[in-house]
Amino acid sequence: MKNSLWAKRIRGAGKAVGRQVAMMLVAIVIVMIFLAVSGYDPAAVLQGLGRAFTRDLAGTIRWATPLILAGVAVCIPFKAEVFNLGVDGQIYLGAIASTWIALALPETTGRLGLLPVFLAGAAAGALFALIPALMKVYFGTDMVVTTLLLNFVGQLLTEFMAAEVMRDPEKITQMNASRTLPEALWMPKLGAFGASSASVGIYLAVIVALIAAFLFFKTTLGYEIKLVGTNQQFARYGGMKPNGIILKVMALSGAVAGVIGAMEVTAVQHKLIAAFNPDIGFDGIVVALLANNNPLGVILSGFFFGALKNGGSIMQRVTSVPQIVTEIIMAIIILTISADVGFKFIRRRKERKTHGNAV
Amino acid sequence: MEMLFNASVWAAAVRVATPLLLAAFGCLLCDKAGITNLAIDGFITVGCFICVAVTDQCGGNVWLGMLGAVAGTALYSAIFGLAVVRFRANHIIASIAMNLLSGGLTTFLMAAVFNTQGLYRLSNIQKLPLFHLDFLDGIPLVNAFLNNQSYVVLLTIALIFVMRFLLRRTEYGLKVTALGQSEGAAKSAGISPARIRWSVVLLSGAFCGLAGAYLSTTILSEFSEGMVAGRGFTAYTAVVFGGSNPIGVALVTLLFGFADAIGIRVELLGTGIPSSIISMLPYVLALVVLTISSVSTKLRQDGRFHLRPLSVGSHNLS
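Protein chains in written order, with our numbering: chain B, 1 to 359; chain V, 1 to 318.
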């Protein structure tokens with residue numbers, strides 16, 4: 001009995017991984033054709049990706065860290081059919097709060113200071129995510145638009161904080177940045193890669209994904225989230241409160257987004273910079289979709305997209321192909337998944353086979 | 001205070017509102033047919049790019065640029081149509097993908113076509129003549145609204161009433177509304193849902209193409225990354241607020257335009273308010289407008305307003 005269950009699970013996991021790889025490959029091939037048509041060298045994509053997995057693995061890990069977290073931040077509300085498109089705004093708020101705390105802490109706290117810094121980031125992200133959630137619950141305001149609009153508010157607020165309130169008075173050249181964090185509050189680097197931007201934050205990202213998986217698969221709240229997402233009427237009939245679930249998933253999602261902000265500040269930038277965030281939240285949507293909203297799958301797809309992002313910047317450095325093609329690859333992947341093209345096509349062919357060629 | 005009645009502020013407000021309203025028309029049609037079209041933001045970006053590219057290639061002829069933008073963006077919107085109508089993709093997710101694709105594609109093509117990054121300025125542009133009638137000079141508000149504005153502004157103002165007529169009085173408009181209200185009922189009345197949906201998506205592309213063309217060759221004469229700055233989302237807000245009434249939608253876009261114009265005025269006056277706070281104004285205003293509109297909807301449903309969570313079932317989760 002148990003044996004067959006495990007075999008089933010392994011087969012399921014294998015299918016999930018195969019699906020992810022297949023989607024990536026299709027999108028990459030489309031972009032390569034596109035590049036060839038526009039007169040670039042299509043092999044540049046492969047060259048960039050190859051180096052992202054070998055010599056420049058550190059860069060891949062640097063990007064995988066926020067992308068895994070962003071995938072988790074997106075997939076928690078997605079599971080309840082709630083759309084949090086405001087992850088980017090919540091990242092900004094997390095960064096503001098954690099920089100503020102980091103600069104206010106006394107020097108004596110040392111490494112231990114990272115704890116309040118990350119907590120502040122998570123709290124700020126959660127509070128910012130609760131604004132649209134409360135508007136939804138009390139006024140019935142469409143959350144898709146409010147979260148999108150709050151992204152701009154968060155970004156401009158960061159610009160305001162970095163350029164005015166927390167601006168480093170001694171630096172005249174770089175206007176829109178705060179003071180640098182004390183070195184004790186820098187996220188430790190991964191020893192294996194020497195001087196790189198890969199930090200031990202990747203462990204934290206994986207742990208957060210595992211916690212999210214535990215939440216989904218082993219707790220009552222996870223069950224409630226899933227039920228509210230699949231059938232609201234039934235969930236209400238079973239005594240669950242969908243409004244409470246909206247608030248809970250948004251707070252959790254915002255907290256994870258806030259952690260990304262704290263991570264970017266402590267591990268990469270070491271200060272608050274205006275517009276430091278290259279739309280990681282939106283990338284998180286692709287990560288979550290490719291993983292089919294499964295937090296364990298998010299670890300894998302976050303790593304994939306980390307490699308893609310890193311490969312893109314390598315490609316721009318080494319060849320003349322602009323980095324932006326990675327964004328096109330992502331868009332193609334989302335479109336394909338949302339349209340479910342591949343699966344419908346395969347299903348139809350299977351049907352045709354079983355029914356003979358009657359169609 | 002005198003700013004509120006300043007003719008130049010009103011004229012600027014109309015200029016800012018025009019692309020918003022054009023995009024909102026497209027979004028409104030889709031909304032009526034039951035399609036949540038947030039991809040308009042990306043469509044405007046593509047419209048901006050096509051207009052600049054065509055104008056540049058045709059020796060600065062803006063007419064050709066605009067024509068190209070309308071046709072090209074309508075064609076581009078077919079990708080969204082394919083995903084949403086043909087493959088029944090989730091509207092919001094497909095919209096996000098389209099916005100991502102639009103940003104990526106235009107930046108990539110800017111590098112491929114113009115060999116630049118970030119910004120391309122049109123050097124050979126021949127700006128379109130502006131509308132001017134001497135006898136309107138004496139009438140205060142009308143003068144600000146119409147005189148010395150582009151012909152696109154006039155067209156947009158006319159379109160407000162055309163859209164109202166189209167939606168309420170024509171067979172096509174009624175079919176669109178019927179489809180949005182109940183697909184089953186529309187089907188049994190002999191309406192082809194796919195055909196109506198395709199038409200509204202393509203029309204929204206055409207409207208956004210014109211909006212982008214106006215933005216890139218009439219207000220400015222350049223294409224730059226991120227120049228659309230979420231205008232599509234503000235346009236969507238106007239549609240949510242205005243409901244089925246194009247005049248209501250127009251008034252909300254005018255409000256956004258006015259806020260923008262006041263912001264620019266305040267910045268020029270040098271009051272010491274940081275530019276980041278001033279640029280936040282339209283987005284905060286959009287959030288306030290959204291809240292007011294949802295509170296008023298709630299009032300209409302319940303008869304009176306209580307600050308208490310909505311009973312679920314009266315709204316969708318998203």
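Check each hint, because a few of them may be wrong.
Below, computed lysine-lysine pairings styled on DSBU-like, alpha-carbon distance capped at 30 Å [claimed, not checked]:
#	chain 1	residue 1	chain 2	residue 2
1	B	Lys241	B	Lys226
2	B	Lys271	B	Lys226
3	B	Lys226	V	Lys298
4	B	Lys8	B	Lys226
5	B	Lys248	V	Lys127
6	B	Lys15	B	Lys189
7	B	Lys271	B	Lys189
8	V	Lys127	B	Lys241
9	B	Lys271	B	Lys241
In case anyone wonders, no lab produced these hints; they're calculated from the structure.
Right, here's what the structure says about each hint:
A distance of roughly 13 Å separates the Cα atoms of B/Lys241 and B/Lys226; the hinted pair therefore holds under the 30 Å criterion. Between B/Lys271 and B/Lys226, the direct Cα distance comes to roughly 38 Å. Violation of the 30 Å bound is thereby established for this hinted pair. Under the criterion of a C-alpha separation no larger than 30 Å, the hint pairing B/Lys226 with V/Lys298 is consistent with the structure, at around 28 Å. Using a Cα cut-off of 30 Å, the hinted pair B/Lys8 and B/Lys226 holds, with the two alpha carbons roughly 22 Å apart.
Among the hinted pairs, B/Lys248 with V/Lys127 is inconsistent with the structure: their alpha-carbon atoms are about 53 Å apart, more than 30 Å. With a CA separation close to 34 Å, the supplied pair B/Lys15 and B/Lys189 exceeds the 30 Å bound. A threshold of 30 Å between alpha carbons decides the hint, and for B/Lys271 with B/Lys189 the separation of about 16 Å falls inside it, so the pair holds. Distance restraint check for V/Lys127 and B/Lys241: the Cα-Cα separation of roughly 58 Å exceeds the 30 Å cut-off, and the hinted pair is therefore not satisfied.
Straight-line distance between C-alpha atoms of B/Lys271 and B/Lys241 comes to about 41 Å, which puts the hinted pair past the 30 Å bound.
In terms of the numbered hints stated before, the structure departs from hints 2, 5, 6, 8, 9, listed from lowest to highest.
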